[in-house]
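Engineer: Chains as they are written, first to last, in the working numbering: chain A, 1 to 157; chain B, 1001 to 1563.
Hints may be right or wrong, so weigh each one.
[Said to hold, decoys possible] What the simulated footprint calls covered on chain A by chain B, stretch by stretch (three residues with Cβ under 8 angstroms from a Cβ of chain B suffice, anywhere in the stretch; the number is not a length):
no., region
1, 52-58
2, 103-112
3, 137-145
[What the hints assert, rightly or not] A few chain B residues that face chain A, going by a derived Cβ cut-off under 10 angstroms, partial list only:
no., residue
4, R1104
5, E1442
6, Y1446
7, L1520
Simulated from the structure, these hints should not be mistaken for laboratory data. It should be emphasised that the depicted structure is a prediction, and the values quoted were computed from it without experimental measurement. Idealized CB from N, CA, C, for every residue including glycine.
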Amino acid sequence: MQRRCNVTPLTVPGVTTPSQVDLDPGRDYPLAARRPELLKTPTGKRIDELTMEAVLAGEVAPEDLRIAPETLRLQARIAEQSGRPQLAQNFRRAAELTALPDELVLSIYNSLRPRASTKQQLTDIADELESAYSATLCAALVREAADVYERRNILAS
Amino acid sequence: MTTSARRSKRTEALEQRPVNLDGFVEEWPEVGMVAMDSPYDPEPGVRVEDGVIVELDGKPRAEFDFLDQFIADHAIDVDATEQAMAIPAVDIAHLLIDPRATRRDVLAVTRGLTPAKLLEVVKTMNVVEMMMALQKMRARRTPANQAHATSARDNPVQVAADAAEASLRGFRELETTLGVVRYAPLVAIALQVGAQAGTPGVLTQCALEEATELELGMRGITAYAETISVYGTEPVFCDGDDTPWSKAFLASAYASRGIKMRFTSGTGSEVQMGNAEGKSMLYLEIRCILVTKGAGVQGLQNGSISCIGVPGAVPAGIRAVLAENLIASMVDLECASGNDQSFSHSDMRRVARLLPQLLPGTDFVCSGYSSTPNYDNMFAGSNVDAEDYDDWNVLQRDLQVDGGLRHVPEAELLAVRNRAARALQGVFAHLGLPPITGREIEAVTYAHGSKDLPPRDVLEDLKAAQSVLDRGVTGLDIVKGLDAAGFTDMAHSLLAVLRQRVSGDLLHTSAILTPELETLSAVNDTNDYAGPGTGYRPSGARWEEMKRLRHVVSAQNPEREVG
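Only chain A is shown next, with the shape it has when bound in the complex:
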């Protein structure tokens, strides 16, 4: 528990971005074991603060057991360096989705089902993803879907 006092100097935002960290899959993966200092929860906790003692003291909430967008971008770099560009791209889309509430994620998924949305509805979703969440990759995926759905006639009528 005493370790919690030492957190503050390391939490200055914007000092190191995921793209600046020197990362080598062979040396640094798995991150939890090899580079724990790079890992923070979206709530700003270090991974080694997520102890049993902290759980029992009520200091760990479900939001503390989520992945941070920075972590997903680090994992994307590991995927890329391991020769898996599609997996990396998925992690980058996921990094954007960390900002969305669960209900919104589920509702966008349902909107992307065949014949569930008009082209305008999909375009609106893409615009919201971009403007409210800076989710440009996800917005591009939704716009691409809207075009394909129109061509293949699987939009809502």
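Following the hints, put chain B in place on chain A, whose structure we already have.
Structural biologist: Quick look at chain B alone, frame taken from chain A:
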């Protein structure tokens, strides 16, 4: 012949053989009733203009259905495709089985191949060659196995005990599903609690409709997801109420919560759902594999899965099932390789169907070895079940092949079954769920299946299951419940599983947790097979463990069993 024609005694004997209860049909390519060799499958080909694939397997871009477009734009490496496609199929097959060509060498080619070309490659290979290729192309060096833990009565106490036993026997992933879907929250909790009673770090999932499955995952009641189905034709994909884009979004949704997931597909689903467009089962399955690849999903459960009766009924169908596992591995996906749904009455045929995955090893040899008797398996039975545990262990020992399991003495099994049930009793009490009685715990400790258990109050359980959702119970509440009930080691290992989603290490290809709670994936446990004397071979402590069976006699004293 008249009906009164005299039959030989031999014919009568053969008629009684279980294999003659299986269904076999002639090929019918026009409706897709053909394993991997249809005259209507397209010829391989690709054309690139300005960095875009404008023609795929003979079809111009304007005529692409949504699978063609997704595969062309997301799965195939545009920079590599023309060079890769120029290599004759048989040369690529040679590369696959030549131990001097590394896995990486093969991936440099396969990343540029179209569906029809991948089909052409495997068509040049017989099953032994495919097994040699699979041995090299499996993503994770160390093979593993996955079990089903279900109950005909959706009894959570049974699921906890069977999960604990399966976990102790060596499975690294456990999957459940329901008869009555509303039972899901209680059964998923039971699976997660039971899994940690055997060996730490076993990951669990609950097969449900996509949105519900994601919700349980987000709450930390499950650790990963698998039942994210994709299909090989546009009409069938739409009948499944999805598209490649909705599924790709879903994949990112899981990753955004740090949750491991894989897609599911398999030969035969399109013809079974009545819209195979006259293509072979394997050609359509290859499209599913490439959609998975393009979506950026780390892995795939395939090997026909719940449609195994369809390829199983046609010539070379089981060869095609092996080919689909191989192609998933060839494009660098984790492969949970089927051997789940039961497909034959014949014991010989059941074994022959699983050897092509067991011998070379896959990421998960079974994507659902039933940890229960057949009648309790809610996935419509499995090719191997709890009554086959000893046979499986003997096969591993006979052939020195690692199928992920081990023999465990009865006393240890009884102890973990009992402990899992008591731990679930504690968690239920902590969460205010219907009580688990001492009588139930005693019964489940010694039970084989749900028929050996006292019935539960189903109405009360279903009310409680709804309350788990309404109250927003999460994995953390289960951790606290385990600790409150005195099962601190299980609380610790469940917390470790939940903490994994913060690091995202389990999101990588073929990731599992070891009993020491270390992450093992294709990143840090890359398959390094390079011919005889290399790659994964069971040795040391693991081989010693595999030598143990229920009945082994002492070399010094044949009267004494060493177990």
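Engineer: Are the hints correct? Go through all of them and say.
Structural biologist: Evaluated hints:
{"no.": "1", "hint": "52-58", "in the structure": "holds (count 3)"}
{"no.": "2", "hint": "103-112", "in the structure": "holds (count 6)"}
{"no.": "3", "hint": "137-145", "in the structure": "holds (count 5)"}
{"no.": "4", "hint": "R1104", "in the structure": "holds (7 angstroms)"}
{"no.": "5", "hint": "E1442", "in the structure": "violated (30 angstroms)"}
{"no.": "6", "hint": "Y1446", "in the structure": "violated (33 angstroms)"}
{"no.": "7", "hint": "L1520", "in the structure": "holds (9 angstroms)"}
Of the numbered hints stated above, those contradicted by the structure are hints 5, 6, listed in ascending order.
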